[in-house]
Each structure stands twice: as structure tokens, then as C-alpha cells.
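Enquirer: For reference, the chains in residue letters:
There are 2 protein chains.
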Amino acid sequence: MTAAKRLGKQTVKLQNPPSMVATASIVGKKEGQGPLKEYFDQILDDGLWGESSWEKAESKILRETVSKAITKANKALGDINYIFAGDLLSQCIGSSFGIRELEIPFFGVYGACSTMAESLSLAAMCVDGGFADYVVAATSSHFCSAERQFRFPLEYGGQRPPTAQWTVTGSGAVVLSNQGSGPYITHITTGKIVDLGIKDANNMGAAMAPAAADTIYAHFEDTGFIPDDYDLIITGDLAEIGKNITEDILQKNGCNVSRQFTDCGLKIFDNKKQDTHAGGSGCGCSASVLAGYLYHELTQGSLNQILFISTGALLSTTSAQQGESIPGIAHAVTIQNTLG
Amino acid sequence: MTAAKRLGKQTVKLQNPPSMVATASIVGKKEGQGPLKEYFDQILDDGLWGESSWEKAESKILRETVSKAITKANKALGDINYIFAGDLLSQCIGSSFGIRELEIPFFGVYGACSTMAESLSLAAMCVDGGFADYVVAATSSHFCSAERQFRFPLEYGGQRPPTAQWTVTGSGAVVLSNQGSGPYITHITTGKIVDLGIKDANNMGAAMAPAAADTIYAHFEDTGFIPDDYDLIITGDLAEIGKNITEDILQKNGCNVSRQFTDCGLKIFDNKKQDTHAGGSGCGCSASVLAGYLYHELTQGSLNQILFISTGALLSTTSAQQGESIPGIAHAVTIQNTLG
Numbered sequence: 001m002t003a004a005k006r007l008g009k010q011t012v013k014l015q016n017p018p019s020m021v022a023t024a025s026i027v028g029k030k031e032g033q034g035p036l037k038e039y040f041d042q043i044l045d046d047g048l049w050g051e052s053s054w055e056k057a058e059s060k061i062l063r064e065t066v067s068k069a070i071t072k073a074n075k076a077l078g079d080i081n082y083i084f085a086g087d088l089l090s091q092c093i094g095s096s097f098g099i100r101e102l103e104i105p106f107f108g109v110y111g112a113c114s115t116m117a118e119s120l121s122l123a124a125m126c127v128d129g130g131f132a133d134y135v136v137a138a139t140s141s142h143f144c145s146a147e148r149q150f151r152f153p154l155e156y157g158g159q160r161p162p163t164a165q166w167t168v169t170g171s172g173a174v175v176l177s178n179q180g181s182g183p184y185i186t187h188i189t190t191g192k193i194v195d196l197g198i199k200d201a202n203n204m205g206a207a208m209a210p211a212a213a214d215t216i217y218a219h220f221e222d223t224g225f226i227p228d229d230y231d232l233i234i235t236g237d238l239a240e241i242g243k244n245i246t247e248d249i250l251q252k253n254g255c256n257v258s259r260q261f262t263d264c265g266l267k268i269f270d271n272k273k274q275d276t277h278a279g280g281s282g283c284g285c286s287a288s289v290l291a292g293y294l295y296h297e298l299t300q301g302s303l304n305q306i307l308f309i310s311t312g313a314l315l316s317t318t319s320a321q322q323g324e325s326i327p328g329i330a331h332a333v334t335i336q337n338t339l340g
Numbered sequence: 001m002t003a004a005k006r007l008g009k010q011t012v013k014l015q016n017p018p019s020m021v022a023t024a025s026i027v028g029k030k031e032g033q034g035p036l037k038e039y040f041d042q043i044l045d046d047g048l049w050g051e052s053s054w055e056k057a058e059s060k061i062l063r064e065t066v067s068k069a070i071t072k073a074n075k076a077l078g079d080i081n082y083i084f085a086g087d088l089l090s091q092c093i094g095s096s097f098g099i100r101e102l103e104i105p106f107f108g109v110y111g112a113c114s115t116m117a118e119s120l121s122l123a124a125m126c127v128d129g130g131f132a133d134y135v136v137a138a139t140s141s142h143f144c145s146a147e148r149q150f151r152f153p154l155e156y157g158g159q160r161p162p163t164a165q166w167t168v169t170g171s172g173a174v175v176l177s178n179q180g181s182g183p184y185i186t187h188i189t190t191g192k193i194v195d196l197g198i199k200d201a202n203n204m205g206a207a208m209a210p211a212a213a214d215t216i217y218a219h220f221e222d223t224g225f226i227p228d229d230y231d232l233i234i235t236g237d238l239a240e241i242g243k244n245i246t247e248d249i250l251q252k253n254g255c256n257v258s259r260q261f262t263d264c265g266l267k268i269f270d271n272k273k274q275d276t277h278a279g280g281s282g283c284g285c286s287a288s289v290l291a292g293y294l295y296h297e298l299t300q301g302s303l304n305q306i307l308f309i310s311t312g313a314l315l316s317t318t319s320a321q322q323g324e325s326i327p328g329i330a331h332a333v334t335i336q337n338t339l340g
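As they're listed, the protein sequences go chains V and B. If you read the first sequence in this note's numbering, its first letter stands for residue 1, the second for the next number, and so on. If you read the second sequence in this note's numbering, its first letter stands for residue 1, the second for the next number, and so on.
Treat the hints with caution; some may be incorrect.
Any copy, or any two copies together, can satisfy a pair, since identical chains are not distinguished.
Lysine-lysine pairs mimicking DSSO-like chemistry, simulated, CA-CA at most 27 Å apart [as the list claims (entries may be wrong)]: (1) K29 / K68; (2) K37 / K72; (3) K29 / K9.
If you are wondering where the hints come from, they were derived from the structure by calculation, not from laboratory data.
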């Protein structure tokens with residue numbers, strides 16, 4: 001066993017890259033009507049899923065998604081050494097109540113919508129470092145609980161500007177292991193907080209874009225990879241506006257990603273047909289797209305090397321009410337089908 | 001370099017135990033009048049510290065504490081590979097805004113008041129696994145921001161029952177490194193969520209006690225250590241009621257820790273003189289006690305081996321309003337002066 005290799009300021013190259021041995025995704029009705037519908041394990045008819053609140057429904061979605069991923073990995077709950085999970089709700093109650101009954105040692109993480117890449121990074125380090133044989137990384141979000149948390153209760157019927165994003169109802173879970181034959185997590189680039197002063201909570205793509213560009217740029221600087229090494233460079237939920245800004249910033253820094261750059265928030269909905277404005281967002285967006293669509297394409301060989309970057313806007317209603325700007329963060333992981 | 005060794009279900013024994021090369025703690029006025037006052041780096045006269053809100057003050061306390069710890073380690077911000085931090089505020093704004101300017105790759109964690117042991121666990125794994133040379137683990141809490149978040153704005157003047165705890169205003173930060181001569185983090189026992197149905201948010205000690213007992217019991221089961229191997233077994237912030245319940249549960253399971261068991265929430269205040277009811281709480285409680293008092297005693301040799309267990313109550317106002325009980329979690333790390 002050899003130690004991980006630090007590359008540059010923000011990246012580590014794993015020496016015992018963990019395999020993504022199984023994934024699962026459960027999404028809401030609207031996500032199940034979008035372009036990626038065939039890749040999700042389960043599509044819910046009803047956002048409450050028999051629960052008495054949206055928050056309890058979100059916890060159930062996370063719990064069932066994690067359980068499904070573990071089952072698909074042919075493992076029992078007791079085989080999982082750690083779970084890394086987090087969500088958007090205050091005090092991360094989506095996760096805490098979601099995994100309460102699972103009896104798995106639990107590390108709660110919070111990175112807003114960057115959580116999937118964060119939990120995946122830490123889970124991968126756990127396996128690579130020899131601390132665990134099986135680790136789960138998971139996140140969730142729910143349109144209705146997020147609206148209540150960050151904007152208004154749905155009953156208020158607030159108008160959404162075109163820059164607004166649509167929080168995905170869904171969860172994605174990945175089981176990582178030191179066993180298995182890929183896809184592998186091979187590199188981890190961990191983001192710094194970047195805040196260029198955007199204050200509009202209805203334009204989070206713009207707030208997160210500088211952080212996304214910063215992490216992607218650092219990734220190439222640190223690793224020596226070039227964009228063409230990747231079949232796909234996919235951010236978490238910048239959606240239309242943030243994606244374009246990120247591409248512009250990278251272009252100005254001499255990094256042209258236009259050939260292979262897209263965003264989970266653009267993939268999950270057909271914005272024009274589904275009235276989702278700038279596109280999808282929420283922890284569950286990049287999580288369900290990774291666990292559903294991307295994992296399918298990787299295991300089918302349509303994609304061989306991707307850079308998966310989840311992006312988070314680290315605001316709260318309190319920080320917004322106190323006039324603060326919106327700090328962004330983005331974490332990236334390289335996923336490869338074969339070890340070079 | 002050898003891989004970490006898994007012991008039992010919840011523990012890893014580190015093979016390249018990181019050193020706590022420096023710590024720092026900054027606390028509020030009330031904490032600075034308590035029994036541990038001589039061990040803190042800085043005591044604030046004013047809870048706002050020149051800021052316009054309690055939340056901004058909390059962020060400043062965290063930022064200054066982290067900066068001070070890094071300075072005391074004779075390092076620059078750019079030498080720190082990762083920072084793990086979290087706090088009690090919704091969307092962890094204490095941490096996000098606190099470390100925004102530091103430009104250090106950031107993993108946000110959320111474990112309520114278990115956060116210090118959680119961030120310390122992950123930071124230690126990062127160093128042990130070869131992912132980093134220098135990592136900071138930090139948390140904060142603030143009496144006034146926590147009251148506003150979880151109970152009522154201070155102006156409301158709500159009555160506090162005797163079971164209530166007093167959220168510590170303060171922050172603690174630890175710099176871990178693969179260099180240095182101890183104290184070392186040698187074992188990590190990661191907690192599962194335990195929820196026995198307590199619903200009284202004014203009695204969080206009772207809600208967290210079963211989780212604390214569960215993790216301490218698992219630690220002894222996994223490692224083969226016995227209580228007498230430790231000079232001190234110290235929980236995060238169970239305070240008086242939770243500490244007694246934890247001791248009882250352990251006793252009933254044949255584990256007698258009465259000789260060396262105490263709690264950071266009991267150490268930091270003189271409850272009778274300071275009117276702090278059951279004792280201190282908040283992420284900053286165990287963090288500042290570790291970074292101040294415990295680190296001093298370890299480096300002076302008054303303590304040689306301690307089990308440090310931070311305990312968290314994973315509730316939110318939303319979960320409480322929806323009638324949910326309070327899930328608890330506790331994470332433990334062994335700190336040793338010499339490697340056996």
C-alpha cells in the first residue's frame with residue numbers, strides 16, 4: 001500500500017483508487033418526466049411518499065436510496081463502514097433523520113449543492129487510505145422542503161425570475177469499495193471558498209460560477225490533464241447562466257472546455273418544456289445525475305473519463321437577510337473506467 | 001507507509017498517527033470567567049467583537065482562532081492542505097463566512113456539537129492516509145446566535161429550565177501534521193446515530209447520552225482498551241444530566257468509567273456561580289476545552305492518554321416543530337502523548 005500523492009495545491013491522486021461498485025437514485029415526478037428519466041432507479045408519483053411533511057419525505061428518499069445502493073452492491077447495512085451524507089436543510093435534518101435507522105457510522109457533511117462531490121471525495125479518501133472496505137456517499141434535496149427553507153412556503157405562490165433554478169427532488173447514493181472493477185475515483189480536487197460579491201439568491205448559478213471555474217482550473221494546473229483528456233466535464237448545478245459564466249472565466253484563463261462541458265442542472269430537465277427556468281439545482285441534482293445517467297454511461301463504456309464537479313452556494317436566509325454575499329465552493333473528482 | 005487498521009465495527013487505529021502541532025482557542029466573556037480561563041488564548045470583552053451581528057461575530061471568532069492556531073504552528077495559510085470545519089448555524093454560515101478569506105481547501109462538516117471530534121477524526125485520517133501534511137480541524141458556537149437559531153432571540157427573555165444548557169461562545173482549532181512530537185491522534189471511533197425518543201430540546205444532555213454511551217462502549221469493545229488505560233474520558237457537552245445518564249448506561253453494561261469520566265460542559269463553567277444551569281454546550285464547548293485546557297495538560301504531561309468524545313444533538317427547529325425526537329451522535333478520538 002502506497003500513500004496518496006499530492007499534486008499541486010488542491011489535488012490528490014489516489015494510489016488505491018476505489019471502485020464505484022453500485023449506485024442508486026430515486027427522484028420525484030418532475031425529474032421522472034425529464035430527459036434522464038430512463039436512468040433513475042425509481043420515480044415517485046407523490047412528493048410526500050406517504051409521509052406527513054416534505055422534510056420527512058426527503059429523509060425517506062435518502063434512506064431508501066442508500067438502502068437500494070447497498071442492496072445493489074450485494075451488501076448488508078452492517079458491511080458498510082461509513083456513510084458520508086448531507087443536505088440543504090438547516091442542521092442537515094434530511095440526512096440525520098434519513099439514516100437514523102441504518103446504524104452505520106456516520107460523518108455528516110455540509111457543502112450545500114457541492115455535497116455529492118464532497119461526500120464522494122471523503123468516502124474515496126477513506127477507502128484509498130485503508131480506513132474502510134465499503135463506504136457510502138449520498139445526498140438529497142427536495143423541491144418543497146428547499147422552497148420552505150430558503151424562499152417561501154409553496155402556498156405563498158412567489159414568482160420566480162428567469163435566473164432562478166429548480167431544486168431537484170431526489171437522492172443519489174454511491175457505494176465505494178476497495179474491491180470491484182471500476183469505474184474508479186482517481187483524483188480529488190478540493191475547492192476553496194470563492195466569493196465575488198453576488199447577493200441575488202435567485203441567481204445562484206452566477207454566485208457559484210467563479211468557484212466552479214477556480215476548482216476546474218486548479219484541477220488542470222495540479223494534474224497536468226487537459227480538457228481533451230476528458231469525455232465529459234460536468235458541473236453540479238450551475239444551470240444555464242452559471243455554466244456560461246464558468247465557461248467564459250475558463251476561456252479567459254486560456255482553458256477551453258467548450259467541447260465537453262455541461263451541467264447536471266441542464267441535463268436533468270428540459271427547461272423549455274418543463275418551465276424550470278435556468279435549470280435544476282439542489283444536492284440531489286448532481287447526486288441523482290451521477291448515480292443514474294453518468295454511472296450508466298460509464299459502466300456501458302459510452303464515457304471513459306469524466307470530471308464531476310458539484311457546486312455549492314453557502315448562503316442561509318440569515319446571511320442573506322444580513323446583507324452578506326453568497327460564497328461559492330466546488331469540489332471535483334475524476335472518474336475513470338480504467339486505471340492508466 | 002502502512003494502512004490504517006480497522007478494529008471492530010467502528011474504530012480505526014492509525015498507523016501514522018498525526019501530531020497536534022498547535023491549537024488555539026478564543027472564547028467569550030462568560031467562558032473567560034469560568035474555571036478554565038487561564039487556558040484560553042484570548043477572552044473577548046464583547047460578544048459582537050466589533051461586528052454588526054452575532055453570526056458575523058461567530059465567523060470572526062472562528063477565523064481568528066484558525067489563524068492563531070496556524071501562526072502558533074509556525075505555518076502560513078498556504079501551508080495548510082485542508083480545513084475541516086462546521087458549526088450549529090443553519091447552512092453552517094459560522095464556518096463558511098469564517099473561513100471565506102482563508103483560501104484553504106475546505107470540507108464543511110455537520111455534526112451539531114459532535115463537530116469537533118468529527119472534524120478531528122477526518123483531519124487525522126487525511127494526514128494518516130497521506131493526503132495532507134497539515135490539516136486544520138475547527139468549530140465554533142456563539143450563545144447569542146444559537147439562541148436566535150434554536151430557541152428565541154435574546155430580547156424575548158425566555159425562561160430556561162434547570163435541564164437547559166448554556167451554549168459556549170467560542171472556537172477551538174487544532175493543527176494536525178505528519179510532523180511533530182505529539183500529542184498524537186491514535187484511534188478514531190465513529191458514532192452511529194442513536195435516538196431513544198427524547199423530544200425535549202431543553203434537555204439535550206439526555207438526548208445525547210445514549211449516543212455517547214454507545215460510542216464509548218464501542219470504543220472499548222473495538223480496541224480492547226479498558227477505562228483505566230485512560231487518564232481522562234471526556235465527553236463534549238453532555239453537561240450534568242447527560243453525563244450522569246451516560247455513566248449509568250455504561251455501568252449497566254459492565255463498563256465503569258466513574259474514576260476518569262467528566263464532561264467539557266461541566267469543566268468550562270462553574271454552574272452554581274455562573275447560573276449556567278446543567279452546563280455548557282455548543283460546538284465551541286468541546287473545541288475550546290480541547291484546544292485550551294486539554295492540550296495544555298497533555299503537553300505538560302499531566303495527562304498522557306485521553307478519550308475525547310464530542311456529542312451532538314441532530315435536531316432542527318423544523319424537526320422539533322414536526323414532532324420528531326432528537327437523534328444523538330458521538331464521535332471519539334484517542335489522544336496519546338507517546339506512541340506505544
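Enquirer: Could you run down the list of hints and mark each one as holding or not?
Expert: Structure-based check of each hint:
1. K29 / K68: within (19 Å within a copy, 50 Å between copies)
2. K37 / K72: within (19 Å within a copy, 54 Å between copies)
3. K29 / K9: neither (42 Å within a copy, 38 Å between copies)
Of the numbered hints given earlier, the model fails hint 3 alone.
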